[in-house]
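Novice: Listed below are the residues making up each chain.
Number of protein chains: 2
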Amino acid sequence: MGALLMILALLMLPGVGFAYYYESGDQTPLLYSAFASFAIGATLFFSFSNQDQNIRKREGYLIVSLSWLFMSIFGMLPYLISGVVDNLPDAIFETVSGLTTTGATILTDIEATPKGILFWRSMTQWIGGLGIIVLTVAIFPLLGIGGIELFVAESPGPTSDKLHPRIRETAKRLWFVYIGLTVAVGVLYYVEGMNFYDAVNHALTTMATGGFSTKNDSMAYFSPIIQYTAIFFMFLSGTNFTLIYFGLTGRFKRVWHSDEFKAYVIALVIFLILLVGPVWYYSAEGFEKAFRDTLFQITSLITTTGYVTSDYTAYHSGLTLIFFMFLFLGASAGSTSGGIKFVRHLTFFKNSWLEFKRIVHPRAVVPLKINGDRVTGKIITHIMNFLLIYLMIFVVGSIVISLMGYDILTSFGAVATSLGNVGPAIGRVGPEDNFAFFDPFSKIFLSFLMLLGRLELFTILVLFTPYFWRAN
Amino acid sequence: MGALLMILALLMLPGVGFAYYYESGDQTPLLYSAFASFAIGATLFFSFSNQDQNIRKREGYLIVSLSWLFMSIFGMLPYLISGVVDNLPDAIFETVSGLTTTGATILTDIEATPKGILFWRSMTQWIGGLGIIVLTVAIFPLLGIGGIELFVAESPGPTSDKLHPRIRETAKRLWFVYIGLTVAVGVLYYVEGMNFYDAVNHALTTMATGGFSTKNDSMAYFSPIIQYTAIFFMFLSGTNFTLIYFGLTGRFKRVWHSDEFKAYVIALVIFLILLVGPVWYYSAEGFEKAFRDTLFQITSLITTTGYVTSDYTAYHSGLTLIFFMFLFLGASAGSTSGGIKFVRHLTFFKNSWLEFKRIVHPRAVVPLKINGDRVTGKIITHIMNFLLIYLMIFVVGSIVISLMGYDILTSFGAVATSLGNVGPAIGRVGPEDNFAFFDPFSKIFLSFLMLLGRLELFTILVLFTPYFWRAN
Ligand SMILES: [K+]
Ligand SMILES: [K+]
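In the order they appear, the protein sequences are chains A and B.
With the working numbering applied, the first sequence corresponds to residues 1 to 472, in that order.
With the working numbering applied, the second sequence corresponds to residues 1 to 472, in that order.
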């Protein structure tokens, strides 16, 4: 666990280094940011290095939650010191939206923002993506959070309280995939016509399923070939990175062995087939443009990236609702995407189907299998409970936002996109809007929902239960 | 099972007798209705009396589904033959809305409808309420549907394939409660100033949690004392009838022993306390009126009755959303109310809470208890799956309705209120609207959702699975 915190601290540094290198007149705030990042890293390392092996599970929840909180506090310094953001709630919102890879923004004119700050903004998403890989592979299995760690291939599950050597191995591989693909997509963007600055920024926010752009028009600003590239890499960033590693090393059978990957691919194809016709009809565009827009928005929303190339709320109320539903999907466990994720949906669908078998044959033992392995009742219960708590937080959150005076669709949209770490939504927070108009309380509340969603709900919620605080 | 079908057939007859007695110029269509009802009863009795003990579980799903389908088909004859409704989709909608105790209507001027037909309309709800008691007590436990039968007090659960004598005893008691309370509330309504016709109609639709009224203004037409009476009897009609029987026989300890009853009462009180202030503020009415309206609408929506005395969508978007959320509650198992019901919510909430204990103490055995009894993992899974399927049908149903060209809130409202058998909703199907404007497909689709919700989803859904059709 101490090792993880060292890593967390260290990976703040390259981010700051990059930011420092790219500064364009706003150097001082970024230097402060670098100092702050180093400070938090050193503090964490110093605090915990002397009790490395003795940190208990319950302290883990607190450390993970506090790590993200600290990162958010120090991460917002560049915005505040530079004056790009002039109040605390906005700074909290923008930073948390970055670190959680949500990508919702309070900036009304992105292109007018200093390039150094804007780079830091993209970098927060990349750091967030890296952080979520660590959590998924190394921390959540130990903490028993979310119930999906068993489906991240090669993860040995919660068998030991110490960092398993194989986990460290897996984590290294995934970082290799993450960093490698970031470089690859950045080079492609550059070759395909983006300038160097835009290419780097979009590479960072593509692989993090972040969705921050340097352009007010998001990806709609760029050429079709760049949009297709973005689609492909958004798809990859929503794929379990272990499977990408298998793919890169030629083990394609193991890739297709994953039920979640199959469901993810099949769902994308089915949604594309179903929606391309209606979008073509209602958008009154050429077929290629309608096809590209449909595929782009489906991929962007399902992977929770949140780039946009067209206003999907402008076609038809039924299509708006379908695109809104995508906010609840999420892509794969073991990727950087947020939201519920396919393996949970798959568990729910498979179990629903088997429930019918169970009521018809009440005495039969009807096991549920994923990737060929039997899933225990405990994990099925945990996952279905996760789904219900997720939906309940969505409902309660929407009530809170609507009580602040916003219409129901805007409230649904803002809460769903925050909780799912997506970015755009429906209502007044549609794909062409921003979150600047919300009051300070709502901004902080939505930031909290982003953190809640990003840390798989339980990590934070457990801190509010007596089980966590009760001695031993 | 044969006994049940005889009962089902027989209880069509008093309904028809009433209708015949009350006819006010529209006698012939009601005579046909009487004949039809008798015909279906006789047919069912004749078909199954010779194989009484041999009906298998799987045939049960089909029989229950078909019984409601047949009742709907014959129940709509009075509307069609009288000409009150001039097309099939509208007749289907109105009849299914009656028999499922939903209470949504396509009639635009209720007071202009002939009194005999209007009485038949109220009677369909009362028959539906009676039917649902039979299903809950005698049929669902045998079929293993819904997972809540174990919480209906004194129900012995799915231990035998034959109609247990104690079940017959329980069913008799519940009918006694149902019929007794119907008479009681009818007498009270009459004494408090309703005319005889209105008192009888409203007595039938109050105890069925039906919500059909003989007035265009629903219960807003009547005096405050009648509204308070309605509140009290709506509350009772949403209570487990076994508990009312205990209450009537003085066993109050057993009433309060029910966790579901406690949750139901506490929720009503909490919602009242939370909402009375805001409603008072936004309605600009006197406090007593605001208090009465708040309590009335909360009780009406949660018990899925659907009477209205004020437009709860006119206050504030946040309050509208809260009232909309009530459509997903439902009252108690073993009552005539529809929807999800408190015992399922209770199971979900308790299990969510325990999930945190389980992740903090992964090796501990953490059982879930309701009414002091341990609930098996199988039932927890079944109930949580029910909740998720319910919500999934809500989402898919809303997409279907919105694709027919209605706005998102109207689609959400129409689907939620149909599935939950409530009646009024939000959007264009608010408390002062009706369902006449929907296209024929949507009307039939919403009718299907009403049946789906009323038969606890699984009864109908199982017919669409191979497990049901595969030989043995
Ligand atoms: K995002
Ligand atoms: K109703």
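Some hints could be false.
Result set (DSS-like, lysine-lysine): computed pairs, CA atoms no more than 27 Å apart in a straight line [claimed, not checked]:
#1 K350(B) <-> K262(B)
#2 K369(B) <-> K357(A)
#3 K253(B) <-> K378(A)
#4 K262(A) <-> K172(A)
#5 K350(B) <-> K378(A)
#6 K115(A) <-> K215(A)
#7 K357(A) <-> K253(A)
#8 K253(A) <-> K115(A)
#9 K215(B) <-> K115(B)
#10 K369(B) <-> K357(B)
#11 K378(A) <-> K215(B)
#12 K262(B) <-> K350(A)
#13 K172(A) <-> K115(A)
#14 K289(A) <-> K253(A)
#15 K369(A) <-> K262(B)
#16 K262(A) <-> K115(A)
#17 K378(B) <-> K350(A)
#18 K357(A) <-> K215(B)
#19 K172(B) <-> K262(B)
#20 K172(B) <-> K57(A)
#21 K57(A) <-> K262(B)
#22 K350(B) <-> K350(A)
#23 K378(B) <-> K57(B)
#24 K172(B) <-> K115(B)
#25 K357(B) <-> K378(B)
#26 K357(B) <-> K369(A)
#27 K369(A) <-> K262(A)
#28 K357(A) <-> K57(B)
#29 K172(B) <-> K378(A)
#30 K57(A) <-> K350(A)
Between beta-carbon pairs, the in silico distance windows are [said to hold, decoys possible]:
#31 E169(A) <-> M392(B): 34 to 44 Å
#32 D439(A) <-> W353(B): 27 to 37 Å
#33 F441(A) <-> F287(B): 56 to 66 Å
Just so you know, the hints here were simulated from the structure itself, not pulled from any lab data.
Computed from a prediction, not measured in an experiment: that's the story for all the values here.
Glycine included, each C-beta is placed from N, C-alpha and C at the ideal position.
Novice: Each of the hints needs a verdict: does it hold here or not?
Specialist: For each hint, the structure was consulted:
{"no.": "1", "hint": "K350(B) <-> K262(B)", "verdict": "14 Å, holds"}
{"no.": "2", "hint": "K369(B) <-> K357(A)", "verdict": "26 Å, holds"}
{"no.": "3", "hint": "K253(B) <-> K378(A)", "verdict": "35 Å, violated"}
{"no.": "4", "hint": "K262(A) <-> K172(A)", "verdict": "25 Å, holds"}
{"no.": "5", "hint": "K350(B) <-> K378(A)", "verdict": "15 Å, holds"}
{"no.": "6", "hint": "K115(A) <-> K215(A)", "verdict": "11 Å, holds"}
{"no.": "7", "hint": "K357(A) <-> K253(A)", "verdict": "30 Å, violated"}
{"no.": "8", "hint": "K253(A) <-> K115(A)", "verdict": "44 Å, violated"}
{"no.": "9", "hint": "K215(B) <-> K115(B)", "verdict": "11 Å, holds"}
{"no.": "10", "hint": "K369(B) <-> K357(B)", "verdict": "14 Å, holds"}
{"no.": "11", "hint": "K378(A) <-> K215(B)", "verdict": "52 Å, violated"}
{"no.": "12", "hint": "K262(B) <-> K350(A)", "verdict": "34 Å, violated"}
{"no.": "13", "hint": "K172(A) <-> K115(A)", "verdict": "31 Å, violated"}
{"no.": "14", "hint": "K289(A) <-> K253(A)", "verdict": "34 Å, violated"}
{"no.": "15", "hint": "K369(A) <-> K262(B)", "verdict": "39 Å, violated"}
{"no.": "16", "hint": "K262(A) <-> K115(A)", "verdict": "40 Å, violated"}
{"no.": "17", "hint": "K378(B) <-> K350(A)", "verdict": "15 Å, holds"}
{"no.": "18", "hint": "K357(A) <-> K215(B)", "verdict": "46 Å, violated"}
{"no.": "19", "hint": "K172(B) <-> K262(B)", "verdict": "25 Å, holds"}
{"no.": "20", "hint": "K172(B) <-> K57(A)", "verdict": "55 Å, violated"}
{"no.": "21", "hint": "K57(A) <-> K262(B)", "verdict": "36 Å, violated"}
{"no.": "22", "hint": "K350(B) <-> K350(A)", "verdict": "24 Å, holds"}
{"no.": "23", "hint": "K378(B) <-> K57(B)", "verdict": "19 Å, holds"}
{"no.": "24", "hint": "K172(B) <-> K115(B)", "verdict": "31 Å, violated"}
{"no.": "25", "hint": "K357(B) <-> K378(B)", "verdict": "19 Å, holds"}
{"no.": "26", "hint": "K357(B) <-> K369(A)", "verdict": "26 Å, holds"}
{"no.": "27", "hint": "K369(A) <-> K262(A)", "verdict": "14 Å, holds"}
{"no.": "28", "hint": "K357(A) <-> K57(B)", "verdict": "13 Å, holds"}
{"no.": "29", "hint": "K172(B) <-> K378(A)", "verdict": "40 Å, violated"}
{"no.": "30", "hint": "K57(A) <-> K350(A)", "verdict": "31 Å, violated"}
{"no.": "31", "hint": "E169(A) <-> M392(B): 34 to 44 Å", "verdict": "39 Å, holds"}
{"no.": "32", "hint": "D439(A) <-> W353(B): 27 to 37 Å", "verdict": "32 Å, holds"}
{"no.": "33", "hint": "F441(A) <-> F287(B): 56 to 66 Å", "verdict": "29 Å, violated"}
In the structure shown, a violation is registered for the earlier hints numbered 3, 7, 8, 11, 12, 13, 14, 15, 16, 18, 20, 21, 24, 29, 30, 33, in ascending order.
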